[in-house]
Every structure is written in C-alpha cells, then in structure tokens.
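All chains, please: the whole structure from these sequences, using the hints.
Protein chains in written order, with this note's numbering: chain S, 1 to 110; chain D, 1 to 112.
One thing to keep in mind: the hints can contain errors.
As the list claims (entries may be wrong) - Some chain D residues near chain S, calculated using beta-carbon distances under 7 angstroms:
no., residue
1, Leu43
2, Gly100
3, Gly104
Derived by calculation from the structure, the hints in this document are not laboratory data.
Source: prediction; values computed, not measured.
Note that beta-carbon positions come from the ideal geometry of N, C-alpha and C, so glycine has one too.
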Amino acid sequence: LAKTTQPISMDSYEGQEVNITCSHNNIATNDYITWYQQFPSQGPRFIIQGYKTKVTNEVASLFIPADRKSSTLSLPRVSLSDTAVYYCLVGVNRDDKIIFGKGTRLHILP
Amino acid sequence: DTAVSQTPKYLVTQMGNDKSIKCEQNLGHDTMYWYKQDSKKFLKIMFSYNNKELIINETVPNRFSPKSPDKAHLNLHINSLELGDSAVYFCASSQGAGYGYTFGSGTRLTVV
Chain S
1 LAKTTQPISM DSYEGQEVNI TCSHNNIATN DYITWYQQFP SQGPRFIIQG
51 YKTKVTNEVA SLFIPADRKS STLSLPRVSL SDTAVYYCLV GVNRDDKIIF
101 GKGTRLHILP
Chain D
1 DTAVSQTPKY LVTQMGNDKS IKCEQNLGHD TMYWYKQDSK KFLKIMFSYN
51 NKELIINETV PNRFSPKSPD KAHLNLHINS LELGDSAVYF CASSQGAGYG
101 YTFGSGTRLT VV
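Written as structure tokens, this is what we have:
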C-alpha cells in the first residue's frame, strides 16, 4: 500500500499561489495520484487526479516528476474560501485499499 | 441535484441499539464505499461494493454490515452500537480508476 506524507499544516495569504507537496516513495506502477479538499462538516471533494507529468483543471494544477515519488498540488491565487484540509491519495480507485492520510490543513489569511 | 446523498445527517442513539444509515447515488457509478472519519479526522475505508459484490472489507467489526439493494444504493447497518462507533460516516461512489470519488455530506453518529 502506497503511503503518503504531507505537511500537517500550512498558512498563506489571499492572492498567493499555494503549493502543497506530497511524498509517496513506494507508489506502484498502476497507482494514480489524487487530491481531495475537505471543509468542516462536509465530505471530501475531488480536486484533481494525475498519473504523470502535469495536469491542470479550472481549480488547480498537479505536478508529478518523472519518478512519481512525489507530487505537488498548486492552487493559484487562493482566497479565504480555500481554507480546508487537503488530502493526497495514491492508489487505484477500484479494488484497492486507498488510504487517506492526515492531510494538510491549509489556512488562508486575509 | 445531490449526487451522493446519505441520511440521516445526524444520529444520536444509545449504546446497544441497532441503526442504519442510507446512501444513494444518482451518478450511475459502478462502485460505492463507506468511510469512517474519527475524532482525529482520519478517513478510513470500511467497505466498497461493485455491482452488488463486496470487494473490499477492511477489518471492521462484524456488527457493521453493508447492504446494497441495487447499484445506486449502499446502506450501512450497525448492530449493538458502542461508544467507539461515534464518528462521521461518509458514503462515496466512483466511476472507476482515473475518476476519483464523489462523497456524500456525511452522517454524524453519536453513541451515548
């Protein structure tokens, strides 16, 4: 099972770009890298998923180096509403024991 | 329209009781899951169902039993509730590898 390590917490300011890095040294060949966002009293929300190189959507970018042993979630121009816990997951959705780690508690300051 | 809906949102009950949490998804996804989030905010997978077949069953007590009447529903039955069962339970669904999970809003279970 691929375990992930990410910072416990981060602070940033409105309008800044925030990068959260996740380490997953024992990622398997078939594993995807997925990031979720969770607000208090809500379920996690899918942000972005990738396998290699770079993926970008309307919310974030995901950078994955060639060795895939880490990944970086990039949130452009954050706002106060981006304050949440961000989880990095590694695995295959179906038939796998995907583990949510402790996540990174991101706090955006005005 | 809510993609993954679970009821009730809050559930307070006494030790020893039996309770159920319902989950429905209207996304046409093949796989549904139950997760437990404890007081330390760890999210742990409990069960998943694919085409009415249990494919993941983590080491949860057999007091917990998932029941799927059809592809769109995965209910969670809990017998003989204990204090340690207090947590937030999330239902989720997935279309498959590469698509991520869609989670419900959670059911906060409090056992007193």
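Tested hints:
Checking Leu43 (chain D) against chain S: minimum C-beta separation of about 4 angstroms stays under 7 angstroms; hint holds. At about 4 angstroms, the closest approach between the beta carbon of Gly100 (chain D) and any beta carbon in chain S falls short of 7 angstroms, and the interface hint on this residue holds. The beta carbon of Gly104 (chain D) comes within 5 angstroms of a beta carbon in chain S, closer than 7 angstroms, and the hint placing it at the interface holds.
Hint violations for this structure: none, all hints satisfied.
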